[in-house]
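Protein chains: 2
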Amino acid sequence: MMTKRSYAILGTGAIGGLYGARLHAAGFPVRFLLHRDYQQVRDRGLRVDSIWGDLHLHDLEIYNDVADMPPADVTIVALKTTQNSALPKLLPPLVGDRGLVLVLQNGLGVEADIARMIGDRVLGGLCFTCSNKIAPGHIHHLDEGKIALGDFRLDGQPSGLTDRLEAIAGDLEQAGIPIERQADLILARWKKLMWNIPFNGLSAILDAKTDALVADPAIRTLAVELMQEIRAVAAADQRFIPADFINTMLTTTDAMRPYLTSMKLDLDHNRPLELDAIFGHPLRVAQAYGVAMPQTLTLYRQLKFLNDRRSRETPV
Amino acid sequence: MMTKRSYAILGTGAIGGLYGARLHAAGFPVRFLLHRDYQQVRDRGLRVDSIWGDLHLHDLEIYNDVADMPPADVTIVALKTTQNSALPKLLPPLVGDRGLVLVLQNGLGVEADIARMIGDRVLGGLCFTCSNKIAPGHIHHLDEGKIALGDFRLDGQPSGLTDRLEAIAGDLEQAGIPIERQADLILARWKKLMWNIPFNGLSAILDAKTDALVADPAIRTLAVELMQEIRAVAAADQRFIPADFINTMLTTTDAMRPYLTSMKLDLDHNRPLELDAIFGHPLRVAQAYGVAMPQTLTLYRQLKFLNDRRSRETPV
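As given, the protein sequences belong to chains A and B, one line each in that order. If you're matching positions, the first sequence starts at 1025 in the working numbering and goes up one per residue. If you're matching positions, the second sequence starts at 1025 in the working numbering and goes up one per residue.
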């Protein structure tokens, strides 16, 4: 029997905690890097209350310093993107000469940033997961859970279904995680932005849940035009999203239960907003292709204001 | 000695109450139409606490039904623009065959609407006035007070300084009100929109005072681009605003004390927002000329959402 691939988890929160715990429970060697929650998890274990079954894990391999961690076959980046400035220090010792990185984050551009650090050894996943960290060392996984998983090529072209993608997908499926293999990760990321930009952005700006936004005629029209802007930039980036996908996003949102987006929750809890990955990078791509995104830009600037005000008001 | 012109005041609030009281105090026959505050003013008079001197007027000619009011030489429209649907009923009996109308409201398009009702007998003024109604029959005039006064032509062209403009300007000046005569009322209205659209809009959307908005780099840039959109539509409308006017607006706002805009106050007090005059009409002009205003449109839709949510939450 082959040795199972080892995993390192950066960011033991709603995403990293959930998927890391499932991999551990499935018998994979998983090492967690913890910071604020280290003491809590060491003393009381990691709790994951999940629609897939509850876990309370006391025997985890946890670390509070990356320097103590051995290289892993796969390092899962599940930090908030606002913490990505730590990656140039964290990743090289973990990935060593052969390790892969799997980016489970929102937005666009992170795989490319990491590939510039460690070379052509990066994959990415989009989590369609309703999960929250409700207390230190305590994750609550409420709904969904699928990962759309794709490989990343340095030249930005679609990678197709590679062997390393298949290997990691197989591990995650062994751990009971539904996987949707993506021949084109970047296309999947553009499609997810078509929801995240309007609904994360407007829910934070207008202090509203998704149901109120999508039901309002003016906001519904604005959401359509924001999606059209994103679709146009994606097309300039050679990612062609069918026009009808816009309607799919709206009717999907109509059918969702009222939902506070992650950006709205971050604002309410006085955490930094994931502005660069969700707005800043796509806007820079648009600028590079000479495509205007004036309505997206308006939201971005409003969110920057809200984020800056938040940080000004945060006691140090 | 000539008989003094008579004035009728529609809307005895922050603007109509202040200027009507000054005209009355200067000896002009002034008739006030009151609705909710009628009883209060009849019993206790109209109080105007003002940097120009306090007035407490008990001898006013007040009405609670427009049918009882005689025609006036000049009818001042000082309602909120959100009440303008009442004008087709209110104005014709007041202006009779010869009366003039002076529109002291925000935004664009109201003079043209009224001219369609009563013909070429409309003038307009932009109030640069910091004044609030703080209680029924009680106005507080804190700062400024100048009116930029211009005549209105049916064909939308600049009217120049007409005799009737001069006559009304003279009356207002007799009442101690600073007047700035405008050869082109519509140009003055576009220029005021260059401040009102960014700062009224964003202060309501982002729950912020003017000083915080103008000091934030992202919002300052957004304000500049919103002003560029307005300037482009004004130019299509043959109103040419110097590019440097944008800087003037910013530095003026830098120098202002922190200020909650009228739209923000309306939202906070659960009153309808003046969206059509300040946003809707300029956007329709832009559309007619084929000029895009995507960032202005984004704000408009966000404000419509906030206004609709307000009205949904208002107990009837």
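The reader is advised that the hints may include incorrect statements.
Heads up, the list lumps identical chains together, so a pair's fine if it works in one copy or across two of them.
Stated by the list, open to error - Below, in silico cross-link-like pairs of lysine-lysine (BS3-like), each with a Cα-Cα straight-line distance of 30 Å or less:
{"#": "1", "residue 1": "Lys1028", "residue 2": "Lys1328"}
{"#": "2", "residue 1": "Lys1157", "residue 2": "Lys1113"}
{"#": "3", "residue 1": "Lys1233", "residue 2": "Lys1113"}
{"#": "4", "residue 1": "Lys1028", "residue 2": "Lys1233"}
{"#": "5", "residue 1": "Lys1233", "residue 2": "Lys1328"}
Please keep in mind that the hints were generated in silico from the structure rather than gathered at the bench.
Notebook entry, point to check: Going through the earlier hints one by one, which of them does the structure break, listed in rising order?
Noted result: Violated hints (numbers, rising): 1, 3, 4; every other hint is consistent with the structure.
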